[in-house]
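*Asks:* The listed protein sequences correspond, in order, to chains A and B. Going by my numbering, the residue at position 42 of the first sequence is 42; the numbering climbs one at a time, nothing skipped. Going by my numbering, the residue at position 22 of the second sequence is 22; the numbering climbs one at a time, nothing skipped.
Simulated from the structure, these hints should not be mistaken for lab results. These numbers come from a predicted model, not from an experiment. Wrong hints could be hidden among the right ones.
[Said to hold, decoys possible] Which chain B residues face chain A? A few, computed with CB under 7 Å, are given here:
hint : residue
1    : Pro-69
2    : Pro-87
3    : Gly-158
4    : Lys-329
5    : Ile-406
6    : Ala-407
Note that the Cβ used here is the ideal one computed from N, Cα and C, for glycine as well.
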Amino acid sequence: MRNTDEYPISTTEEREAVVATAGAAPEEDWVIVTRGLKREYDMGGEVVRALRGVDLAIRRNEYVAIMGPSGSGKSTLMNLIGCLDTPNDGEYWLNGQLVSAMSDDQLARVRNKEIGFVFQTFNLLPRATALHNVELPLVYAGVPGEERRRRAEEALERVQLGARMLHKPNELSGGQRQRVAIARALVNRPSILLADEPTGNLDSTTSEEIMKVFEELADQGQTVIMVTHEPDIAAHARRVIVLRDGVIASDDKRSAFTQKVGL
Amino acid sequence: MPLFEAVRLALATIRAQKLKSSFTLLGVTIGVMFLIAVVSIVEGMSKYMEEDFAGRLLGVNTFTLHRFPWFNGNVTEEMWREWQRRPRIYYSDLRTVTSVLPPGTRYAVESQDNVRAISPYARVRQVDAHAVDGDYFTIKHYDLTSGRTFTQQELQLGTTSMVIGSEVASYFFPNLDPLGRELKIGGIPYTIIGVIARQGTLFGLSLDKMVIAPYKSPLHRLTNPKGDVDGILVQSPSELAMNDAMEQVREVMRGQRHLRPAVPDNFAMETSQSALTFIMKLKRMLMVAGTALPAIGLVVGGLVIMNIMLVAVAERTREIGIRKALGAKRRDILSQFLVEAATLSTLGAVIGIVAGAAIAFAIAKLSPLPTHVALWSVIMATLLGTTVGVVAGVYPASRASRLDPIAALRQE
């Protein structure tokens with residue numbers, strides 16, 4: 001593992017400055033900015049406050065892990081960042097767009113253009129080939145057939161799966177499936193790659209392999225946000241945010257994080 | 001997502017679940033199959049009626065004088081009783097009728113019944129006996145394969161000469177030339193002078209079982225013992241002349257029967273047009289009755305598709321979640337499931353059309369019913385299939401489109 005501190009990440013002061021002015025569109029450099037993000041659920045009359053005001057700023061090209069024990073609100077935060085859900089209160093700016101005020105269809109468009117999802121359970125369509133799975137976001141983006149195929153092939157080659165394009169998910173190993181999912185996430189050239197427990201269903205060797213892919217993507221300038229509860233996986237990121245009880249408990253460089261958890 | 005893309009996706013999904021899809025299709029397929037079969041039979045019948053029957057049996061520009069109408073739906077008992085009170089048409093009326101016909105008009109007398117005939121070469125069999133007079137063969141378009149028709153003298157004298165149908169010829173005179181041989185009817189031998197070319201069948205009834213003799217021959221005593229005739233046929237050179245002749249005949253008949261001006265005719269005159277009108281009425285009734293039942297089948301088929309689509313939405317919740325996460329809008333999911341339902345149902349309809357056409361073909365081959373697969377019925381069935389699918393798909397598809405992506409993704 002390389003020393004993280006050779007990678008420039010945003011400083012606490014810079015983040016606080018961006019988050020401070022409510023309602024202001026952040027500068028182009030900041031791909032994600034949330035201000036006072038709140039999300040509550042009504043669970044049979046009892047209100048569960050999953051997020052109690054999250055201020056978060058992520059600069060382009062950062063490789064961030066969001067950590068926390070179960071119930072800390074990290075899944076809720078991931079859903080909000082992934083535009084699958086809308087907050088009860090607060091602002092969410094994604095790539096200069098105020099996402100928190102958008103309609104369902106606008107959110108669908110943002111998910112398509114700005115976000116590449118990688119899930120714990122891969123979430124590939126079982127009956128479709130790897131190539132078709134990767135083409136899917138392009139279908140909804142309205143990319144014509146030939147270009148779609150070309151771009152999907154490129155994306156698959158980028159994750160070293162050029163030879164397995166016409167295999168279906170059940171003909172691939174776990175690591176290969178996750179690489180198909182990564183190719184799918186990247187095919188629309190999204191602003192952020194959002195990974196939810198990307199190694200949760202993989203053995204440790206394969207996990208390392210996937211982490212290496214993420215590392216390379218981050219090196220190439222891709223903004224990566226990874227949600228995980230495993231500290232050793234989180235330690236691959238260059239900045240680690242820890243959530244506790246719906247608020248950010250800590251936000252450190254990797255070196256500071258690894259020291260804390262004693263890795 | 002473009003429609004073409006959606007249809008391809010739907011076909012892929014259907015292909016992936018062949019058995020389930022084929023069961024889903026079954027309702028629509030059976031509905032459409034019967035629809036096509038029934039419509040083909042009704043169409044075939046009416047086409048046959050229009051093109052062949054009316055012209056061939058009644059003749060062009062021909063009207064018939066009968067005691068009461070032969071082509072009439074819904075005969076009430078009252079009408080029937082009134083008809084029975086009417087005087088018969090007698091052979092003697094022929095002179096009255098012909099006296100007013102303009103030159104160039106043909107006429108014939110017909111008197112028909114089933115009688116038993118025997119020849120030295122075959123056993124007794126029922127034949128369709130006609131005692132005729134006038135230009136019967138011309139009006140009926142009967143061509144002879146051999147021999148000749150009656151001469152004027154034969155008709156006037158009522159000789160026992162006879163023209164027979166091809167089936168009669170082959171049954172009573174197997175492998176023989178029937179000309180000059182004798183067929184015995186009612187104990188009287190008739191000499192065969194001609195054989196009529198094959199006429200084929202009408203709804204399974206052979207049209208070649210007739211034997212025809214002059215009206216004045218003893219045959220009329222078997223066909224119409226009371227001295228009456230079934231009808232008088234009049235053929236004019238044109239439609240205009242026919243209408244004219246009809247009026248003339250009506251007038252002279254009313255005069256002869258001393259009908260006061262206010263009294264309705266106590267005889268009936270029918271043209272091939274009135275037969276066609278009746279047939280058309282019959283056709284509409286058959287169409288309504290024949291399409292109502294398969295239509296119920298289609299409704300059931302639609303319900304099956306709706307049910308299966310609801311199951312599919314439940315089964316594929318995760319797929320919907322994935323698609324939504326990857327940027328599918330509500331409209332995309334809605335159209336995906338709508339197109340899938342419509343494709344399923346259209347496919348069902350297409351299979352139904354093929355099966356229905358096959359049934360129609362088989363019926364035409366194996367039974368006397370003529371069938372005709374009309375283009376309009378094929379187009380209608382296809383559209384109907386698509387419509388059923390779209391209607392059945394609306395509810396499941398809108399449910400799918402409204403699924404929350406987070407909940408959908410979480411589902412196992």
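*Asks:* Look at each hint and say if it fits the structure.
*Replies:* Outcome of the hint check:
1. Pro-69: 67 Å, violated
2. Pro-87: 82 Å, violated
3. Gly-158: 86 Å, violated
4. Lys-329: 4 Å, holds
5. Ile-406: Ile-406 (chain B) check passes; min Cβ-Cβ to chain A is 5 Å, inside 7 Å.
6. Ala-407: 10 Å, violated
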